[in-house]
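Chemist: So the sequences go chain by chain: A and B.
Under my numbering, the letters of the first sequence match residues 1 to 462, in that order.
Under my numbering, the letters of the second sequence match residues 1 to 462, in that order.
I should point out that these hints are in silico values taken from the structure, not numbers from a laboratory.
Keep in mind that the hints are not guaranteed to be accurate.
Examples of chain A residues lying across from chain B (beta carbon under 10 Å, computed) [stated by the list, open to error]:
1. 63
2. 116
3. 122
4. 205
5. 234
6. 292
7. 423
8. 428
9. 429
10. 433
To spell it out: a stretch of chain B is covered by chain A in this simulated footprint if at least three of its residues, at any positions, have a beta carbon under 8 Å from a beta carbon of chain A; those stretches are [stated by the list, open to error]:
11. 64-78
12. 118-128
13. 227-235
14. 249-255
15. 409-420
Take a look, some chain B residues computed to stay more than 12 Å from chain A by CB distance [said to hold, decoys possible]:
16. 90
17. 103
18. 154
19. 207
20. 216
21. 218
22. 259
23. 261
24. 290
25. 348
26. 399
27. 430
28. 431
Computed from a prediction, not measured in an experiment: that's the story for all the values here.
The beta-carbon is built from N, C-alpha and C at its ideal position, and this holds for glycine as well.
Below, each chain spelled out in residue letters.
Protein chains: 2
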Amino acid sequence: MTRHATGLRSRVALAVLVLQPLLGSALAAQPASAIPAKYRDIANRIIAAAQVDSAGAWNRIAELTDRFGHRLSGSAALEQAIDWTVETMKRDGLDNVRKEPVMVPHWVRGEESLELVAPRRQKLPMLGLGGSIGTPAGGITADVMVVASFDELRARAAEAKGKIVLYDAEWRDYGYNGAFRRQGAIEAAKVGAVASLARAAGPYSMRTPHTGSMSYDPAVPKIPHAGVTAEDAMMMRRMIARGQPVRVTLTMGAQTLPDALSHNVMGELRGREKPDEIVVMGGHIDSWDVGQGAMDDAGGVVIAWEAIRLLKKLGLTPRRTIRAVGWTNEENGMRGGNAYRDTHQQEPHQLAIESDGGVFSPLGFGFTGKPEARAVIEAIGSLLTPIGAGKIGPSGGGADIGPIMATGVPGMGLNVDDSRYFWFHHTDADTPDKLNPAEVQRCVAAMAVMAYIAADLEQSLR
Amino acid sequence: MTRHATGLRSRVALAVLVLQPLLGSALAAQPASAIPAKYRDIANRIIAAAQVDSAGAWNRIAELTDRFGHRLSGSAALEQAIDWTVETMKRDGLDNVRKEPVMVPHWVRGEESLELVAPRRQKLPMLGLGGSIGTPAGGITADVMVVASFDELRARAAEAKGKIVLYDAEWRDYGYNGAFRRQGAIEAAKVGAVASLARAAGPYSMRTPHTGSMSYDPAVPKIPHAGVTAEDAMMMRRMIARGQPVRVTLTMGAQTLPDALSHNVMGELRGREKPDEIVVMGGHIDSWDVGQGAMDDAGGVVIAWEAIRLLKKLGLTPRRTIRAVGWTNEENGMRGGNAYRDTHQQEPHQLAIESDGGVFSPLGFGFTGKPEARAVIEAIGSLLTPIGAGKIGPSGGGADIGPIMATGVPGMGLNVDDSRYFWFHHTDADTPDKLNPAEVQRCVAAMAVMAYIAADLEQSLR
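Modelling step: build the complete structure from the supplied sequences, incorporating the hints.
Modeler: Okay, here's the thing in structure tokens:
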């Protein structure tokens, strides 16, 4: 193709002109300002090719999540999905396709329910929170104490003994509201509560409970902790405000079994000059045990995998190796990301990219690394402006690449229009129909352009 | 108040001027064109007063639906809600507060579930459809046949024998999509299916099943019929398209018990001159056995009731009686509306108004009646333009007022911004938090202005 041939010619011309690495600053090798001209034609070719295939990545997300459903660590479905990914990556012609063993926590939900027993009886939708202990077989029946914050809980600590504490905080953001899920059992147990409930951490609800991980403190008694819907949290608050004591029975069969064998799964596009140097990208293959784990995070795995497939189809082989990874156990242990660091930290990593915020319309990437590297990343980003994905934010990374980043590898997270992400996050509504095929293809393009150029640079980004 | 005094003066002045009824045309009594000037001050006073009380109607909807939850015909909760309404209407000082007996169908859902058993096992959210028979105790296990329409079912009739037919139609509108719920079991049974499933009739889903009424045909075998979510309908379609047969187990404990005693509930503002002539308005007090039945239709009952309370508070007593009714059994039998006609058709009804489309931001009313009456209603509507509720649509009514309208009473339905109504309709997400207090107060204002002026007119609207 003409555009590609032009691109290659520019690259050859530039390669002759650029300086060799200076002592102590590999980044000086190739000025960031030269990158757009050198790679524009290739980037445009990748972007165009990603959009010719109008639904390939979406179809793969749907196939993975329809075939195996949700994929909590320790489940057979997760390992079946990993094996299917190995087989399918091989069929796609990826290099060095493999799975690597990781022992993961194995929490199981069991049977569970929440029933309003006063002022009237009604089953309330709920989801136990990941890692919670269960209740005795007959459940725990107690009066509900509603608080809007940890401050309110502490101010009214004297009322909490023997109660089930309900955190009913209006939505602000995931950090703020997620804290009641993560820390709620600890704070409630400190003041003598027998169980705790957290209003769903999300901006919108159709009577939708959310699950997610929660913590215990070894110094504080463990109490069961579950998620309730925004609607029911508000209802219980209103009942109490009208002078009607609210009493519920919480029953949870949750338990933590011995650690189970899981795997990180990966495939590569081997580099042409420095195959031992790595640009790693991907998402997590595990999910919560609700919905289908389509946006959290089959999408992140699939767009990395599809980005490699696209580069291979275009015959584009960068200097370094690009590796697409489906990390395991992001949701309740981060064991996959830690195992990846342990197994792979001896390989020089040029860059790590994660997508774990949904594969909606891509806006750009957050980047964490040195200023010289940021200049290079911003130059690459400029080539994604045609699809609106060029903005490089002040920091970036991801839970799974956190451990390898901590060894000094620069990291990035794909940023998307996540305006509805937390509607579905950790709920039964995380299904592939929420994703738009054209948007997913643009995510593939963004990942492919970023990974290809980062892997092809003369200089190191570290 | 000055504004009110002005209104009274104008009214007196006009009453002197207007012609007496002409033979055969009561409507000629008072030109429609005179109405805005005569009633503008009163309308503005009602509108202002409705908005001073910023959340009174919303609080009452919340209290009714929190106290009693959902209220299916035959349930204790429905009768408790009716008794509470009687007591509370009396406390509010409404006139002639009473409940009137109505025998209603008594369908109970029982335990129910839908499980995907091939190509993998997963529980799927579902709701049996109202009136359906149950399955045998162990459920019905069969392969699923997906169709998008009745035409497709008939074209592929030979494949349906022994299958569970799944209607997977994308959302168009409630009339179109509701047909698969209402008629789906009949059409599926005609071609030999053993059960049927209908994709939720709604434009948006968070894995949200919808329930609602369904029909049998005495000439066709009865088969169980249930609602599934849009997400799962699409998933089963995709699985089959990939060559994976889909098999499910549908288990339903539904049954129809002997008819139960329920009641229409009502309270009045007695008219000052023609108290035996009636403007009736309201909604239905029963609901499906999901969510809290807040918008369908506690809201319709409460805004009529609050409209009367507001008029009483303002000391506004129209010529005729205004009656607020909570009809029973709208959802699965219409027995309340029929009983109302039987009991009350001897009373001259000036107008019947129903609100059963949610109490969101009011836009106006649909009206069905004679052209002369329409001119009057449009003139009244013009007084609601300050709150955006002045548009009078080409036809209107409601399920509960249908029977009395069929005796010759002009009818109206409150029209609202229903853009999200079918998100929640007949689901667990029909809860009061979906309603906006200020919008509900505007609905109260619209009902109060329309009912007051219609009841105060010199002429008959019939």
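Chemist: Double-check residue 205 of chain A for me: the hint is only fine if its C-beta lies closer than 10 Å to a C-beta in chain B.
Modeler: Holds - the Cβ of residue 205 of chain A comes within 10 Å of chain B, reaching about 7 Å at its closest.
Chemist: According to a criterion of three or more residues whose C-beta lies within less than 8 Å of a C-beta of chain A, is the segment 227-235 of chain B covered?
Modeler: holds (count 4)
Chemist: Would the least Cβ to Cβ distance between residue 290 of chain B and chain A come out above 12 Å?
Modeler: 9 Å, violated
Chemist: Hint residue 292 of chain A vs chain B: min CB-CB distance below 10 Å?
Modeler: 8 Å, holds
Chemist: Min Cβ distance, residue 428 of chain A to chain B: is it shorter than 10 Å?
Modeler: Because about 4 Å separates residue 428 of chain A from the closest Cβ in chain B, which is inside the 10 Å limit, the hint holds.
Chemist: Holds or violated: is the Cβ of residue 207 of chain B farther than 12 Å from all Cβ atoms of chain A?
Modeler: 4 Å, violated
Chemist: Hey, does the residue 116 of chain A contact hint survive, CB to chain B under 10 Å?
Modeler: Since the shortest Cβ distance to chain B is 9 Å, the answer is holds.
Chemist: For residue 90 of chain B, which was marked as not at the interface, is the minimum beta-carbon distance to chain A over 12 Å?
Modeler: 19 Å, holds
Chemist: Would you check whether the claim that residue 261 of chain B is not at the interface survives, using Cβ distances to chain A and the 12 Å cut-off?
Modeler: 21 Å, holds
Chemist: Taking the least C-beta to C-beta distance, is residue 63 of chain A closer than 10 Å to chain B?
Modeler: Hint holds; residue 63 of chain A Cβ to chain B Cβ min 7 Å, cut 10 Å.
Chemist: Run the C-beta distances from residue 431 of chain B to all of chain A and say if the shortest one exceeds 12 Å.
Modeler: With a cut-off of 12 Å, residue 431 of chain B comes too close to chain A, as the shortest Cβ separation is near 4 Å.
Chemist: Test the statement that residue 430 of chain B is away from the interface with chain A: the closest C-beta pair must be farther apart than 12 Å.
Modeler: Its Cβ does come within 12 Å of chain A, the nearest being 9 Å, so this is violated.
Comparing the model with each numbered hint stated earlier shows that hints 14, 15, 19, 24, 27, 28 do not hold.
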